[in-house]
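Q: Those protein sequences? They're chains A and B, same order as listed. Taking the numbering used here, the leading residue of the first sequence gets 1, the next gets one more, and so forth. Taking the numbering used here, the leading residue of the second sequence gets 1001, the next gets one more, and so forth.
What the hints contain is simulated information worked out from the structure, not anything from laboratory work. Treat the hints loosely; a few may be bogus.
Straight-line C-alpha distance at most 30 Å; calculated DSS-like pairs for lysine-lysine [what the hints assert, rightly or not]:
hint: 1; chain 1: B; residue 1: 1121; chain 2: A; residue 2: 178
hint: 2; chain 1: A; residue 1: 178; chain 2: B; residue 2: 1124
hint: 3; chain 1: A; residue 1: 178; chain 2: B; residue 2: 1076
hint: 4; chain 1: B; residue 1: 1106; chain 2: A; residue 2: 79
hint: 5; chain 1: A; residue 1: 178; chain 2: B; residue 2: 1115
hint: 6; chain 1: A; residue 1: 79; chain 2: B; residue 2: 1025
hint: 7; chain 1: B; residue 1: 1072; chain 2: B; residue 2: 1194
hint: 8; chain 1: A; residue 1: 178; chain 2: B; residue 2: 1104
hint: 9; chain 1: B; residue 1: 1197; chain 2: A; residue 2: 278
hint: 10; chain 1: A; residue 1: 278; chain 2: B; residue 2: 1129
hint: 11; chain 1: B; residue 1: 1076; chain 2: B; residue 2: 1239
hint: 12; chain 1: B; residue 1: 1197; chain 2: A; residue 2: 178
hint: 13; chain 1: B; residue 1: 1104; chain 2: A; residue 2: 79
hint: 14; chain 1: B; residue 1: 1106; chain 2: A; residue 2: 178
hint: 15; chain 1: A; residue 1: 79; chain 2: B; residue 2: 1005
hint: 16; chain 1: B; residue 1: 1005; chain 2: B; residue 2: 1072
hint: 17; chain 1: B; residue 1: 1124; chain 2: B; residue 2: 1025
hint: 18; chain 1: B; residue 1: 1104; chain 2: B; residue 2: 1124
On the chain B side, residues computed to face chain A include the following (Cβ under 10 Å) [said to hold, decoys possible]:
hint: 19; residue: 1050
hint: 20; residue: 1062
hint: 21; residue: 1065
hint: 22; residue: 1069
hint: 23; residue: 1111
hint: 24; residue: 1114
hint: 25; residue: 1148
hint: 26; residue: 1149
hint: 27; residue: 1162
hint: 28; residue: 1166
Listed below are several chain A residues computed to face chain B (Cβ distance under 7 Å; list not exhaustive) [as the list claims (entries may be wrong)]:
hint: 29; residue: 79
hint: 30; residue: 80
hint: 31; residue: 168
No residue lacks a Cβ here, since even glycine has one placed at the ideal position from N, Cα and C.
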Amino acid sequence: MTVGVFAGINALVAIGLCILMGYAGQISLGQAGFYGIGAYVSAVLSLHFGLPVVVSLILAMVVAAMVAVILAVPALRLKGHYLAVATLGFGEIIYIILNEWGPGGPSGFGDIPHFSLLGYTITSTTGYFYLIWGLVAVVMIFSLNLIHSRTGRALRAIHDSELASNAMGLDVVELKIKVFILSAVYASLAGGLYAHYITFISPSSFSLFYSILVLMMVIVGGITNLWGAIIGAVVITVLPELLRRFEEFDVLVYGLILTLSLMFFRKGLVPILVEKIKKLRGLAVVKH
Amino acid sequence: MLNIKGIWKSFGGLMALRHISVDVKEGDIKALIGPNGAGKTTLLNIISGIYQPDKGEVFFLGRNISNLPSTKIARKGISRTFQHVELFGNMTVLENIMVGRYVKTKAGFFSSGLKMPYVMKEEKEIQRKSEEILEYINLAQRNDELASNLPIGEQRILEIGRALATEPRLLLLDEPAAGLNIRETRNLGEIIRKIRKELRITIVLVEHDMELVMRISDSITVLNFGEVIAEGTPLEVQKNREVIVAYLGEEEEIQRGYNAHT
Chain A
1 MTVGVFAGIN
11 ALVAIGLCIL
21 MGYAGQISLG
31 QAGFYGIGAY
41 VSAVLSLHFG
51 LPVVVSLILA
61 MVVAAMVAVI
71 LAVPALRLKG
81 HYLAVATLGF
91 GEIIYIILNE
101 WGPGGPSGFG
111 DIPHFSLLGY
121 TITSTTGYFY
131 LIWGLVAVVM
141 IFSLNLIHSR
151 TGRALRAIHD
161 SELASNAMGL
171 DVVELKIKVF
181 ILSAVYASLA
191 GGLYAHYITF
201 ISPSSFSLFY
211 SILVLMMVIV
221 GGITNLWGAI
231 IGAVVITVLP
241 ELLRRFEEFD
251 VLVYGLILTL
261 SLMFFRKGLV
271 PILVEKIKKL
281 RGLAVVKH
Chain B
1001 MLNIKGIWKS
1011 FGGLMALRHI
1021 SVDVKEGDIK
1031 ALIGPNGAGK
1041 TTLLNIISGI
1051 YQPDKGEVFF
1061 LGRNISNLPS
1071 TKIARKGISR
1081 TFQHVELFGN
1091 MTVLENIMVG
1101 RYVKTKAGFF
1111 SSGLKMPYVM
1121 KEEKEIQRKS
1131 EEILEYINLA
1141 QRNDELASNL
1151 PIGEQRILEI
1161 GRALATEPRL
1171 LLLDEPAAGL
1181 NIRETRNLGE
1191 IIRKIRKELR
1201 ITIVLVEHDM
1211 ELVMRISDSI
1221 TVLNFGEVIA
1231 EGTPLEVQKN
1241 REVIVAYLGE
1251 EEEIQRGYNA
1261 HT
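Next comes chain A alone, as it looks inside the complex (with noise of 0.2 Å):
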């Protein structure tokens, strides 16, 4: 159950970073930066303000869009791996800064209240599990809905051509910093939610190996396609656990079925499994 709790985390994360790199092309290598300061503005907040956990989330949520915009700004114009590079700076920024400013610096705190809506608090693993799945459910729907309107044909059209998109009157600046900034919320509230789930919190799970995780995740669960973010998160999350039984071989295991998972399916699970459907019911249609 609690590795469940924490797929669906990773999960909020994944989808965001699956918008901003697989539809609209902007590569980030410094999500787990905005989910540090998604866990540790809301647990501040929260533990040492006293504010309800639901506020100290959205206000957790307000300040990582605000710095994604100051971020997002100078560090769009850049492109490709130099955009990657940008976002890899900031990740390590936040991360040296939770060490040396943070409460309890590299060591962490403890005691961040429990989430509680309504006078109800979740404290069994059980009962965060609902939770976050649900939130996934709901972040889910909206990023569906955003891939398949106007403005998500916008952001794949910025993927494929930002001189096309330009002479097409896309506001194409705009839609980047707002994609960034929905990535940026995302991974906020995963770390809110994983701040509050834990109740303690300390730099370590906020590094590049996070944001690095992240990505690979994304990438197995197959970048273009919304669902692998998900499928992608379960995998990676879960596959540690059931390596388990290789005892000290486990890493070694888990970073050999990754890499053959990258050089045979190299489009991501998802993907890969829809071309097959496709191409059985091709057949089915053939035979009829």
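Assemble the complex: chain A is given as a structure, and chain B must be docked to it using the hints.
A: Then chain B, alone, in the frame of chain A:
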């Protein structure tokens, strides 16, 4: 409707355009011709805002648009195609046209995510209008295919369709016949004429295919080394001594175009 006044543009040491002035009348098909490197595409890029001129001004419907970015110019009613086709290759033919409807619709980030009723209505309208445009350019049977899978001839037509979806007043076509065979070029010519006649869209055309240019344009401006060397109707331009000299290598082709025209 389009007045280009004394445009200068250089790239480093290369003077691409020297004091270019061109006027395009409403409802005309205006062709820009000239040897390679004459500055035709540069001029098109200045009109559509991809480049800013060093000196000079561009007026569209009486407004100075010289320093506007291409996004804003597109919203003012100038749309274009590209010499090297710039379709949204990973999107379907229909979706490419639907992106063209962007400027005429307004569903935002949040309202799209929440699927507000007006968004749904607008989406249906985008779809209907886009299918209509595909019918108009005879690509309806291709609507579900990826744009990058179309043959080059259909890609060029699709680019025109995408530009039409923005409901422009002025359409800039950059070598629309490049890479097309004779049959496709003839079909293209028909579509361009149809657009001007039925949709009343003014057209500026950069093209090397002289037969096409002579057949469909009302007025031609000839550029050479960044300067206007001749201007007039197809007949006048073909007789112009300076034009013949500039085209020396291609003189024969002009002759052929002339014959086809008469």
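Q: Take the shortest C-beta to C-beta distance between residue 168 of chain A and chain B; is it under 7 Å?
A: 6 Å, holds
Q: Restraint: residue 1114 of chain B near chain A, CB-CB cut 10 Å. Satisfied or not?
A: OK, holds: residue 1114 of chain B within 10 Å of chain A, min 7 Å.
Q: For the pair supplied as a hint, residue 1197 of chain B and residue 178 of chain A, is the alpha-carbon distance within the 30 Å limit?
A: 41 Å, violated
Q: Given the proposed pairing of residue 278 of chain A with residue 1129 of chain B, does the C-alpha separation stay at or below 30 Å?
A: The given pair, whose Cα atoms are some 28 Å apart, holds under the 30 Å limit.
Q: If you draw a straight line from the CA of residue 1106 of chain B to the CA of residue 79 of chain A, is it 30 Å or shorter?
A: Holds: residue 1106 of chain B and residue 79 of chain A sit about 27 Å apart, inside 30 Å.
Q: Does the nearest C-beta of chain A fall within a distance shorter than 10 Å of the C-beta of residue 1062 of chain B?
A: 20 Å, violated
Q: Does residue 1124 of chain B pair with residue 1025 of chain B here, judged by a C-alpha cut-off of 30 Å?
A: 36 Å, violated
Q: Would you check the hint for residue 1106 of chain B and residue 178 of chain A, treating anything up to 30 Å between C-alpha atoms as holding?
A: Measuring from Cα to Cα gives roughly 15 Å; hence the hint holds.
Q: Hey, residue 1121 of chain B versus residue 178 of chain A, does the alpha-carbon distance stay inside 30 Å?
A: Judged against 30 Å, a Cα distance of about 23 Å means the pair holds.
Q: Minimum Cβ distance from residue 1166 of chain B to chain A below 10 Å?
A: With a minimum Cβ separation of about 6 Å from chain A (threshold 10 Å), the hint on residue 1166 of chain B holds.
Q: Hold the hint about residue 79 of chain A up to the distance rule: shortest CB distance to chain B must be less than 7 Å.
A: Check failed: Cβ of residue 79 of chain A comes no nearer than 16 Å to chain B, outside 7 Å.
Q: Measuring from the C-beta of residue 1050 of chain B to each C-beta in chain A, is the shortest one below 10 Å?
A: Result: holds, 7 Å to nearest chain A Cβ.
In this structure, the earlier hints numbered 6, 9, 11, 12, 15, 17, 20, 21, 26, 29, 30 are contradicted, and the remaining ones agree with it.
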